[in-house]
Amino acid sequence: MAEATIKRVCVIGAGTMGAGIAAQIANAGVPVLLLDIAPKDGDNRNAIAEGAVKKMLKTDPAPFMGKRPAKLVETGNIEDDLGKVAECDWVVEAIIERLDIKQNLYAKLEEVRKDGTAVSSNTSTIPLEQLTDGRSDSFKRDFLITHFFNPPRYMRLIELVAGPKTNPDTLEMVREFVDRKLGKTPVDAEDSPGFIANRIGTFWIQQAVNSAFDMGMTVEEVDEIGGKPMGVPKTGIFGLIDLIGIDLMPHLMKSLTSTLPKDDWYQKIARSEPLIEEMIESGYTGRKGKGGFYTMEKGEDGKRTKMAKDLKSGEYRAAARPGLVYGSAAKGDLGKLISMKGKVGEYAWSVLGPTLSYAASIVPEATATVVGVDDAMKLGYNWKTGPFEMIDNIGAAKLVERLEADDLPVPEILKMAGDRSFYRIEDGKRQYLGTDGEYHDIERAEGVLLLEDIKLSSKPIMANGSAALWDIGDGVVALEFTGKMNALDEQVMKLIQKAIPVVKKDYKAFVVYNEGSNFSAGANLGLAMFALNIAAWSEVEKSIKGGQDAYKALKYAPFPVVSAPAGMALGGGCEICLNSDAIQSHAETYIGLVECGVGIIPGWGGCGEFISRWKDNKRHPAGPMPAVSKAFETISTATVAKSAAEAKELGFLRSDDGITMNRDRLLYDAKQRALAMVDGYTAPEKLEYRLPGPSGKAALELAVDSFHKQGKATAHDVTVAGELAYVLTGGDTDITEIVTEAEMLKLERDAFMRLIRNPKTQARIEHMLETGKPLRN
Amino acid sequence: MQVYEAPIRDMLFNINELHEDDGFGNLEGFEDFDEDVTVAILEEANKLCRDVLLPINWPGDQEGCRIENGVVRTPKGFQEAYKQFCEGGWAGLGVSQEWGGQGAPHSLGKMVEEMTCSANLSFGLYPGLTGGAMVALEAYGSDELKNFYMPKMASGEWSGTMCLTEPHCGTDLGMLRTKAEPQDDGSYLVTGNKIFISAGDHDLTDNIVHLVLARLPDAPPGVKGISLFLVPKYLPKDDGSLGNHNNAGPTAIEHKMGLKASATCQMSFEDSKGWLIGKPHRGLEAMFAMMNTERVAVGIQGLGVGEIAYQSAVYYAKDRLQGRSLSGVKNPDGPADPIIVHPDIRRMLMTMRAYNEGSRAVSAWVSRALDAEHASPEPEARERAKDFVALMTPVVKALFTDLGHESAHLAVQVYGGHGYIQETGVEQFARDARIAQIYEGTNGIQALDLVGRKLPDRMGKNLRSFFHPVSQFIEDHGSDEKIGKMIAGLQQAFGALQMSTGHIAQKGMKDPEEAAAAATDYLRLLGFVAMGYCFAKAAKIAHAKLEEGTQEKDFYEAKIITARYFFDRLLPPVMAQMMAITSGKSSMMDMPAEAF
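Chains as they are written, first to last, in our numbering: chain D, 1 to 777; chain Y, 1 to 596.
Note that these hints are calculated values from the structure, not bench results. All C-beta atoms, glycine included, are put in the ideal place defined by N, C-alpha and C. Mixed in with the good hints, there may be bad ones.
[To be verified] Quick list of in silico lysine to aspartate or glutamate cross-link-like pairs, EDC-like style, CA-CA up to 16 Å:
no., chain 1, residue 1, chain 2, residue 2
1, D, Lys-760, Y, Glu-380
2, D, Lys-760, Y, Glu-383
3, D, Lys-384, D, Glu-515
[Stated by the list, open to error] For each label pair, taking beta carbons as the anchor points, the in silico distance ranges come out as:
no., chain 1, residue 1, chain 2, residue 2, range
4, D, Met-416, Y, Ser-587, 53 to 59 Å
5, D, Ser-339, Y, Ser-587, 41 to 47 Å
6, D, Ser-339, Y, Phe-596, 37 to 43 Å
7, Y, Ser-587, D, Glu-346, 46 to 52 Å
8, D, Tyr-154, Y, Lys-224, 37 to 43 Å
9, D, Ala-318, Y, Asp-184, 28 to 34 Å
[What the hints assert, rightly or not] Pulled a few chain D residues facing chain Y out of the computed Cβ check, cut under 7 Å:
no., residue
10, Gly-526
11, Met-529
12, Phe-530
13, Asn-533
14, Ile-534
15, Ala-535
16, Ala-536
17, Leu-769
Use the sequences and the hints to build the structure in full.
Structure representation (structure tokens):
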């Protein structure tokens, strides 16, 4: 790790990117100064930067992870506040893409920044060499390009470009910071036009659009073929252009055609379509404008219909499913897809052939390894697989054959690969094919631990259809959910029970972790629905009891348990976290007890654990009622935290629970956290409660009644909230009595069973399964 | 000896008493069919069946249909019987009044259907097919087609058919070849060959309205490229009188195991003019509309045969004197006791009786749901009814026809050697009943429909319409003094059903063959639980009636005894079905095909 660290950052330029970068830095808990120009008129000289922050507080998806980070952003203007740069360790420039203005700013920066303060540009088009033209050597040593992707909070890619004079320590300092603090995956790029992702991405979009017009395809056809079968984002190509803004296309084209060599392939395919020009001129710039290739039209009956642009007539018409047939190529066999007869295969090849060839041709010119290209496209353009992974899917030799047959360029690296693949597994390690013709291990940065890698070299300690237990080294095990969507069921609970004696005997600590896009959205509702459809009440109750028993057994096991959620951790996924000794959460974790949304209440110990979270909160008033009220408020409204930071505010995370910004570092951090608890570990004491009983319940119900009268709560909401209130207030108790944990669990179970037998709850579950949305009945 | 008297009292019990609390609510639109009208209709139907249809049942079987000069002739007496059938308005009993029918509910109509199936299964097919064709036409046909054809079909003046099967494709309709060429006037010319077409041709009506599945020139391959056409035997003129022959007629009739008085035709269509029903390529949808009601109707056929087989066996068991009762002489004046004294004869008679009463109870429940689907005032009840019909249709079809077939063979057994010879007419039941297990989707297909479609649909939503009332009933009556023992049996069987359902859902999701291997056993298990539920309910009602005092003590006491027999003797084998289901597919599928 580099010695120097970044404690304060200045972001100059409060446009979408600059402001978003500032927000993400604040999300990491680092103070940030956001500067933009002072407006020509008006009293408030900081109006632009302030306006940007205000706007971000209303943006969805939110750039900020909570209320606190927003307070870490200090706003100012370049004229008055540039001097404050002296207190910063890193300056990120994200102003307009004009060389003269940037150079002018750097000249000013040179005067105010202290030596060693990193300066980076978020440029996507201007070569580094030109940016630092005229600057001192000292400035050049501290300068680099940090190219973020939009939106900076959510896109994981950052391209790093160092100049010939850039100090390696500066580069490392920034790399460490963007990796660990901002949670990004840095990919080293050369100082070549468009770097990696935009270079390939622009080529790909251009080629896809060209072919669409040339072959007379509809936008729906193009997006369907480009979506699942090819594995590019599910928006498809025109959907993606709508999302990023149609007006961005000519900008990208202009910058690339002016910077790329004249003989670059892109120069030959770059062209503009009259229809697209006309759309931009008339304000049809995509989702941010009046509409794009798709738009939603509101009919007279108030129903919204998805409309699609007809590429021939230029008119909107109702969007339709193309109904193309993929056969066996639908399952991701790209070789099959591109050799299919008819327009599916022809279109797929017309896009993939040139794009893959082009992508292969920029190694090592734009980045040193095939891994860099693949990471860039996966993390910067949301491709499901990178270009070289796609080439492996087809087979490099086969691709070469087809390219030659079609008189398309065959890049050196493809010839070099011959009939070898670009990736392989050797001795349990993933390797890539280097430009030197040799395979090299894919090295992970220090502090990165992935189950994906562990799986290459080992078998699980135990596994069933819904969960697996892995040895992650140093005496720590990881419980992985493996069912569809990581749903929790009886099998998971069985595996937990089976794992406990094994871990007790042979291991030291236990981590709950997985690498799905969501930790777990809770119990397998489909399975529950089936059980209740066949009136298997005792089975349902058994599964509730089974979950309670498993979670409690884990909680009171004689070893530390750390849950490491990322993505959604809802319902039972949240409850396993609540039953853990500690939580090491990824910053992008969306945790909540959402059971009431489907007409039930938390049934796996969530009610009691959540009360005790609030009871233990020193900043919250003591006494039986406040904790209960807080728990009631959060659970009855099925509130979900929109980040780990917000999860702390809502009480799902304790104040000392850890947050990891980089997804790839989560398992390592969780493991360290667990190991730190091993020495002298004793299982927690059994919980006991003093709860308000019926009088407390009446108070909670009063609030619900008033919501009902205002029309904010439905009749069934009142029923569900009533059961929840009964459980949270301890049933028929009063504050003089102790309610044991076992009694709380029984209350929870009984209330759950009463609700699950209610036809309105059944209707809610059914609706959720069918539509993915809650039913308000 | 073929003996029949409609079981009107039991029918009324099922219509009026058994399903009162089925939760479908007060159905709307059947106000004309009060208790008096219902009784009158059942009694009239009984007369027709007993006095007109039954007498031509055995002779019709002996004579059979024949084809002469390209025209099919039905056996002697059928024309006259059909005339009476139409004059009595029976052809349009269940048809909406809009088309000149009477608009009777299914819960009544299905009872009448049972009677015709008992008295003369072959005869019943002619109007039965017309009924099916009307269902598809009414749901999917254009107003023009409906206005023209429906009234004539509802009166029985014209009959109907459904033409699906072709020489090379039966179950797998995707392979269908018959073509339809669109014409400038909006009609189509249909060309192709069909086989196994019931009532494909006959001499009972002037004209026959064929509903034919065919492919349009631009049709996609497989089942998504099939359209439905209305193709009349004679092209009617605008005034309804008959015009030219439409080149739609029989080329031969099949020689069959049974059902000999029903004409099963090979049909040829050659540039026969027809009209599209419903949307192009969506013919299967329309066909299934009729198929679903037809499947229930075929189930009723099984019940009908079972009932007459039972009655004929009872007649003989009381009449035939052989041996002496093991508990002492019962007929001292005669040379021997009637065979009804023997336990094994009792076993057979009680089994038939319980099958019939159980099937009738379930069929009445499903009929209520068929009515409630459209006529319940509550949307939730309508949806529940729809789910229930979807779930139970394959069960009614396959289980009832299996039981009807079993009953027919039991009747033969009761008759002994006299059952095996033709003169008594009993072996006709066994031959006639056999086809109902095959046509309208074989019983194997029904079982697949149940486990493959109906069970997993919407995470088991269809099941709820059945499992919840049964579960609730068990919970509510577990400690009932009178029927507690039956409830214990029901609970055990229901548990086996729940476990089997869970097993199939779990295994079948990963391996469809597992579900398919369990299908037939599962269908029977579910059907027997349904009958068990109905019997327990019936016993509960009977006990209550007896307690409050009733004029019909014999009826209710008999009901209880039949229910007891069902729980003692017929329900327990479902435990074995569960074991078979949970044993999995391996011993069925492991044998290499060459080893057979």
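Now for the hints, and whether the structure bears them out:
The hinted pair formed by Lys-760 of chain D and Glu-380 of chain Y meets the criterion: a straight-line CA distance of about 11 Å does not exceed 16 Å. With a C-alpha separation of about 14 Å, the suggested pair Lys-760 of chain D and Glu-383 of chain Y falls inside the 16 Å cut-off, and the hint holds. For the suggested pair Lys-384 of chain D and Glu-515 of chain D, the alpha carbons sit about 15 Å apart, so the restraint of at most 16 Å is met. In this structure the supplied range 53 to 59 Å holds for Met-416 of chain D paired with Ser-587 of chain Y, their Cβ-Cβ distance being about 56 Å.
Between Ser-339 of chain D and Ser-587 of chain Y, the C-beta spacing of about 43 Å keeps the proposed range 41 to 47 Å intact. Roughly 40 Å separates the CB atoms of Ser-339 of chain D and Phe-596 of chain Y, a value that falls within the hinted 37 to 43 Å. A beta carbon spacing of about 50 Å between Ser-587 of chain Y and Glu-346 of chain D agrees with the range 46 to 52 Å that was offered as a hint. Under the hint 37 to 43 Å, the C-beta atoms of Tyr-154 of chain D and Lys-224 of chain Y, about 41 Å apart, fit the expected range.
As the Cβ distance of Ala-318 of chain D to Asp-184 of chain Y is approximately 30 Å, the hint placing it in 28 to 34 Å holds. For Gly-526 of chain D, the shortest C-beta to C-beta distance to chain Y is roughly 5 Å, which falls under 7 Å, so the interface hint holds. A distance limit of 7 Å between C-beta atoms decides the matter here; for Met-529 of chain D the minimum to chain Y is near 4 Å, and the interface restraint holds. Hint on Phe-530 of chain D holds. Least Cβ distance to chain Y is approximately 4 Å, under the 7 Å limit.
Among the interface hints, the one on Asn-533 of chain D holds; its C-beta lies about 4 Å from the nearest C-beta in chain Y, closer than the 7 Å criterion. Interface hint at Ile-534 of chain D: satisfied, since its Cβ lies 5 Å from the closest Cβ of chain Y, which is below the 7 Å cut-off. Here the hint on Ala-535 of chain D is kept, as its CB sits about 3 Å from the closest CB of chain Y, short of 7 Å. Restraint check, Ala-536 of chain D versus chain Y: the minimum CB separation of about 5 Å is within 7 Å; hint holds.
For Leu-769 of chain D, the suggested interface contact is upheld, since its CB lies about 6 Å from the closest CB of chain Y, less than 7 Å.
The structure is consistent with each of the numbered hints, conforming to all of them.
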